[in-house]
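J.: Each chain, written out:
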Amino acid sequence: DAMVIQNPRYQVTQFGKPVTLSCSQTLNHNVMYWYQQKSSQAPKLLFHYYDKDFNNEADTPDNFQSRRPNTSFCFLDIRSPGLGDAAMYLCATSSQGGSSGSWPDTQYFGPGTRLTVL
Amino acid sequence: AQSVTQLDSHVSVSEGTPVLLRCNYSSSYSPSLFWYVQHPNKGLQLLLKYTSAATLVKGINGFEAEFKKSETSFHLTKPSAHMSDAAEYFCVVSEGTGGYNKLIFGAGTRLAVHP
Chain A
2 DAMVIQNPRY QVTQFGKPVT LSCSQTLNHN VMYWYQQKSS QAPKLLFHYY DKDFNNEADT
62 PDNFQSRRPN TSFCFLDIRS PGLGDAAMYL CATSSQGGSS GSWPDTQYFG PGTRLTVL
Chain B
821 AQSVTQLDSH VSVSEGTPVL LRCNYSSSYS PSLFWYVQHP NKGLQLLLKY TSAATLVKGI
881 NGFEAEFKKS ETSFHLTKPS AHMSDAAEYF CVVSEGTGGY NKLIFGAGTR LAVHP
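As they're listed, the protein sequences go chains A and B. Residue numbering for the first sequence follows my numbering, starting at 2 and increasing by one per position. Residue numbering for the second sequence follows my numbering, starting at 821 and increasing by one per position.
To be clear, the hints were calculated from the coordinates, so they are not data collected in a lab. Hints should not be assumed to be uniformly reliable.
[Unchecked claim] Here are some chain A residues pointing at chain B (derived, C-beta under 8 angstroms): (1) P9; (2) L46; (3) S95; (4) Q97; (5) F110.
Don't be surprised by glycine CBs; every beta carbon is placed ideally from N, CA and C.
Could you put the whole structure together from the sequences, leaning on the hints where they help?
T.: So, in C-alpha cells, the structure goes:
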C-alpha cells in the first residue's frame, strides 16, 4: 500500500545533541510537510517542500532545518534540541498542481515520531 | 484569513449513542474542509473532506459531516458510537494558495466513549 513512513517512531536525545528524523513516502507526491505537535495541541506547520523548493514558516526557529534529497525522502534536523522541542513530529505529503488557484488537495500523514529530550 | 473553531474541547458519549462534534469555520470564499482523527500516539487519519461537490459528505467508519454555508458550520456526526472511536478529532480548513495547501487546524475535540 502507498503510504507515508516515519522512522524512528520514538527518539530519545540529549539536550543540545543534534538529531535527525526521517520521512519517506511511496505516494510519489510532490509536496512534503513537517509538523510539530506538542501534547494536547493541534499540529503546527514548521515548513514544507514543493518539489525541491523549501518553504519555511515565519515562526519556525532556526534550530529546525530540513533536507529533501529526492522525491521520496525528507529529513528534519534539529541542530540543538532543547527541552521545549520535545513533541510529536508529523510528516505529511500531498499532490499539488503548479498553477496558482489550483484546488487544495488532501494531506496524508505518517504515524509520527515522538521525540524526548533529556 | 481562514480559521476554524471547534466548539467543544471534550465530548463524552455512551457506546451505541450518537456522536456530534461541532465545528465552525471562517472563510472569505468557498473553503475546503476536512476532519482528521488521531488515536493516541498515532498520526492523523483523514475521516472525510468537503470540496463543494456535495454538502453531505460521507467518510470512513460511519462518520459523516454536513457543510452548511448559512451557518458556517461543518459538524461531524455518527449515528452510533463505538469504543474504538475514542480519539482526538480535528476540524481543518485548507488555505489554498498557488502551489500548496496550508492546513489551518482547530484546537481539537477529545471524544470519550463509555461502555
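J.: Less than 8 angstroms between beta-carbons is the criterion; does S95(A) satisfy it with respect to chain B?
T.: 7 angstroms, holds
J.: Can F110(A) be said to touch chain B, with a Cβ gap under 8 angstroms?
T.: 4 angstroms, holds
J.: Checking hints one by one. Is Q97(A) an interface residue toward chain B, by the C-beta closer than 8 angstroms rule?
T.: Constraint on Q97(A) satisfied, holds at 5 angstroms.
J.: Taking the closest Cβ pair, is L46(A) under 8 angstroms from chain B?
T.: 7 angstroms, holds
J.: Could you check if P9(A) really has its C-beta closer than 8 angstroms to a C-beta on chain B?
T.: Where the cut-off is 8 angstroms and the nearest Cβ of chain B is about 13 angstroms from P9(A), the hint is violated.
Going through the hint list in order, the structure does not satisfy hint 1, though it satisfies all others.
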